[in-house]
Amino acid sequence: MIVTWRIGIRIAVIVVVTIVLQISFFSYLSFFGTTPNVIPLIVVSLGLLGGGMVGAVCGFASGLLLDSALLQTLGVSSLVLLSAGYLAGRYREGAEISNSLIPLLLAGALTTGAAAGFAAIQLMLGVRTPVSLLVLREIFVQGLLAVVLMIPIYPLIRWALRPAIVDDVAFRSARTPITAGASRPRRVRGRRMRRATGVSRP
Amino acid sequence: MYRKQVRRRRAILVLLIIAALVLLSTQFSEREGGPLHSMQRVVASVFGPMEEGATRALKPARDLVNWFDETFKARGTNSDLTAEVQQLRNELAKTQAAEGENQQLRKLLGLDKQGTLAGYTPVTARVIARSPTVWYSTVTIDKGSGDGVKMNDPVVTGDGLAGRITDVTHGTAEVTLITDDRSAVSARVLPNGPEGVAEPEVGDPSDLLLDFIDKSQPIHKGQILVTAGWSNGVISSAFPPGIPIGQVSETTAGQQQSYQRVHVTPFADIRGLDFVQVATGGPKRPGVPG
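So the protein lines, in turn, are chains S and B. Quick note on numbering: this note's numbering labels position 14 of the first sequence as 14, and the sequence is numbered without any gaps. Quick note on numbering: this note's numbering labels position 164 of the second sequence as 164, and the sequence is numbered without any gaps.
So that you can see chain S by itself, here it is in the shape it has in the complex (with noise of 0.2 Å):
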């Protein structure tokens, strides 16, 4: 993804939307007596779009305005986010996404392991009344919820950022010179064969 200004305006709006609506709506909602938690999928969207650093910044900052608009301890989301932000990053960086199903399933793990990884900051940083098992289905379902809400959140993301994603296919129909060699070769090879040959389509 290249962020340019305008592309960096957006996602701080997709952040600045996702923590109202979390904090006014998806946080009132209970499925399974669990509350479905968007942030960290957007986080994780960003990582996957954008890269490691974009993920991690992305993370950060979402953790910082979360804390401060429900005045909670300030550095445990933005900690836990950009951890999840960067890995999903490292993860694109890394491997190609030639599955539909793996930007699920990442959210899926990365949502779990941000929800136990603020369990255990918060055990550490001491909780004075005994904690219930109930924790750990919170946390587990909130891993699965992440799976689901993501299939419409991803398309969404990558939507909203179109016109920052190289590899998008928007993007590659155009005849850049980065892609257009590259991506649809017998095509491109062929129209300027039979324009150089002066032969006309068959």
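Derived coverage of chain B by chain S (criterion: at least 3 residues anywhere in the stretch with Cβ under 8 Å from a Cβ of chain S; other residues may be distant):
hint, stretch
1, 130-136
2, 198-204
Quick list of the computed label-pair ranges, beta carbon to beta carbon:
hint, chain 1, residue 1, chain 2, residue 2, range
3, B, Thr121, S, Leu144, 42 to 48 Å
4, B, Glu250, S, Phe140, 22 to 28 Å
5, S, Ser100, B, Thr252, 48 to 54 Å
6, B, Phe72, S, Leu133, 21 to 27 Å
7, B, Pro191, S, Leu123, 34 to 40 Å
8, B, Ile235, S, Ile97, 56 to 62 Å
9, B, Thr71, S, Leu123, 34 to 40 Å
10, S, Leu144, B, Glu30, 36 to 42 Å
Hints were generated in silico from the structure; no laboratory data involved. Note that the Cβ used here is the ideal one computed from N, Cα and C, for glycine as well.
Given the coordinates of chain S, assemble chain B onto it according to the supplied hints.
Structure of chain B alone, referenced to chain S:
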């Protein structure tokens, strides 16, 4: 060139991690009015109107989604409830006889809702934001210091105690609910049961614990828990006495133990809060900053 890029990326990543850790440790040790808390309040004030607008606009959608979830749950609990109705019919006969006596006792104890919060000015507020994790059982309301809301003001719903105010900006306030791990409410079991401290169990918003209650004092399922309003003249509970908290759902005690653990189901629907009432301007309670 490539190496330089890698080094820069690593530096940014390390910087972000350090920044998060510094924020965490600084805020943890910082006093209430410190710079990080002030910055947080500014951000919360900026987000406040956005949260309020989004909460109002998205309420129908939220209700629709929750309706599906509740319908799903209702089907599952239907058979359980049928059996319970049978049992409750038998209990009703006994309860009706005790009702008259109970009414008198409630009045004597000041449990009547109007009487409990006498001297306070109730401010009705809308819940505009809530935390997505079980580790912070807090909500943000659309009333703040501009409406007379102060730190430690009790917050109630139509059903019972919800929590208390733990942070205030001009237009919003943070309510720490009774299910948050930072919450502890001095409570009394009615009609003449023992007093103790009702604490939550993190991760289970439908359960409060009244621990270390002497086993010799019998407590039964269905008994009501109210705020004790404890005070020794120097320090006191933030809550006035007599606000209903919940109903005893179970008591457990090991054979070797001399105390029992009382599980209480809160009256207030902590996960479904839409409107709450903040009891403002009440009598000064000694030792409670406000």
